[in-house]
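**Student:** Please work from the sequences and hints to get the whole structure.
Number of protein chains: 2
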Amino acid sequence: MARRVVSVALAERSYEVVVAPGLEGLGEAVAHATGARRVALVTDDVVAPLWAVQAEASLAEAGIASTRLTLPAGEEHKHLQTWATLVDGLLASGVDRRTPVVALGGGVVGDLAGFAAASALRGLPMVQVPTTLLAMVDSSVGGKTGFNHARGKNLVGAFHQPRLVWAALETLATLPARERGAGLGEVVKTALIADAALLARLEVLAPALAAGEPDALGEVVARCVAIKAEVVAEDEREGGRRAILNAGHTAGHALEAALGYGTLLHGEAVALGLIAELSWARDEGLLEEADLPERVTRLVGALGLPVVAPAADASALGAALEVDKKSYGNRLTLPITVAAGRTRLVSLARARLPELVASWTA
Amino acid sequence: MARRVVSVALAERSYEVVVAPGLEGLGEAVAHATGARRVALVTDDVVAPLWAVQAEASLAEAGIASTRLTLPAGEEHKHLQTWATLVDGLLASGVDRRTPVVALGGGVVGDLAGFAAASALRGLPMVQVPTTLLAMVDSSVGGKTGFNHARGKNLVGAFHQPRLVWAALETLATLPARERGAGLGEVVKTALIADAALLARLEVLAPALAAGEPDALGEVVARCVAIKAEVVAEDEREGGRRAILNAGHTAGHALEAALGYGTLLHGEAVALGLIAELSWARDEGLLEEADLPERVTRLVGALGLPVVAPAADASALGAALEVDKKSYGNRLTLPITVAAGRTRLVSLARARLPELVASWTA
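So the sequences go chain by chain: A and B. Under the numbering used here, the first residue of the first sequence carries the number 1, and numbering increases by one thereafter. Under the numbering used here, the first residue of the second sequence carries the number 363, and numbering increases by one thereafter.
To be clear, the hints were calculated from the coordinates, so they are not data collected in a lab. Any given hint could be a false lead.
Claimed, not checked - If the Cβ cut is set under 7 Å, some of the chain B residues that face chain A in the computed set are: (1) 449; (2) 460; (3) 481; (4) 484; (5) 519; (6) 520; (7) 521; (8) 623; (9) 689.
None of these values were measured; they are calculated from a predicted model. Think of the CB as a built atom: it goes at the ideal place given N, C-alpha and C, for glycine as much as any other residue.
**Tutor:** Encoded structure:
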């Protein structure tokens, strides 16, 4: 299987996303992208025993020394204290402003390491090496970093673009099936919002994707990254079009918060969020393709993801919407896909939020 | 006294620095620069009773509501916990991505509020309203934000440019004389590195400046801001020329760290740092104007600042240099003024640091 390379065009902050069979070649790519002779390798205690030695070997082959910093694994550690400890660790390891931080892991590792890189010495170069499907197609590309706050997910952080993203498909082999499946939730979202052809292709590939077939995953990761790269290049800091990437996330985030983080995986919540938001949009008369909710539900099910949300408390859902980062003043702006591959931003008065929640919990 | 306006040219991040007699007009300027109808006003418990009501009145006159958040005053609070509490306060107050953070206070307030604005919801608009001379001529302009770390000053933070800086000269009237004097340390630095005419002018104005005469202060603040604006516009993220603004700061920061923060005010440390670095530069044969150390020492003294550093421990000074943000790999890069208004970057092998420290402690 050959490497696929996608460019993220952000002027002087442009970079490449390499979708590669494995970690071989990572070191050379880091050397090329950053010129570094040493890096801080940030990973977690689940990924470290599986892949850290291989990543370090590839770096060493390219003449790059690494200091390893290991975080506790899991979304429940994506908070201020883990970030602060990581910043301490980076400073203790003697980084200077040219020392790249290489994040080897899923979205939690990438987001925490990314924000630590953004803020230690006011900014170190960043390399993302995502080892989950979710991180490959979504969180590792586009520069969003940060941690969760008692008031909501990802409420503290920075936009900090990486110099390189290296997605090694072989690392998906050690990913639990449920997590791989959850990643497919973001894949469905990406196709749905912007690429009708990819949505149709996912319907064909669904059995292969559900089985974790590397060729199918490689094809889909590269296409999702290309879509995300294009959207991010158009609107780096989410002033406009980038907001379409949040499809499924308004209901999805609220669901995660209301059920307590960890009940659903993020990708599962996004898939359920897509279904909820599409159903609401049909009720509102916004859809141009009336069967879209059923079509997405079918695809989500074929990919092995849950299609029925666990019962959630309406007032907890409402409270989560109140702190949504996409709300301004008295309005919440919600990306709604109106036809396969076509999404628009719908602005909703805050007074209508209880109604929105009611439609989700019906 | 009329307002003086200096533009900081940073493409889509450009903004104006207004040097005004007082806080009157602040609200209108905030409305113009940000379009906001409400702001979070961050101040400290020393500045709040002196100026917060006036600032809020000016904002209210322009139709802007403010929520006040008050920090404990003092450099010793410029750390992670104060920042985290401030971020909590901003989120609790219901900010959205368009809610500006207005920092009313000295450098500590501006740096903490600036980094909180940079990271809450991944970035809120920022307005700096400096109330100390040091903050007016230096820290409020240029976007550097952050907090101190056990390993050194300002080691954690972000570059986050304000939308507006409003320097109200009347606020200097309530500044303790020693703090106003310390601010003159950064004024001397700014003139020395880039503007021989301003250096000569400072020699003329020294008695008026030492006495806190508003006209003299206004003239000097506007000229220092113009110099800083030009340097920052050329090199926003300190990849090159901006480093000249760190003149005096290598020795100055080391001195502050070695003596324990709080012994010297930052501006005093910078003035002493300039003298130490110039003396070393002369010993190295780098100076083109041999009398520069004496000239600067005379001016610093005439401004009422200390010209002899308290005795500091050499090993503590050396340790502080080891974590200097300006050190890369085996070299430390040090801006050295070789003639009035002309500064170059001198790269020093790490092995020579003990020698450098020895020259300062001689």
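**Student:** Work down the list of hints and note, for each, if the structure agrees.
**Tutor:** Quick rundown of the hints versus the structure:
no.: 1; hint: 449; result: 6 Å, holds
no.: 2; hint: 460; result: 6 Å, holds
no.: 3; hint: 481; result: 5 Å, holds
no.: 4; hint: 484; result: 5 Å, holds
no.: 5; hint: 519; result: 5 Å, holds
no.: 6; hint: 520; result: 6 Å, holds
no.: 7; hint: 521; result: 6 Å, holds
no.: 8; hint: 623; result: 17 Å, violated
no.: 9; hint: 689; result: 6 Å, holds
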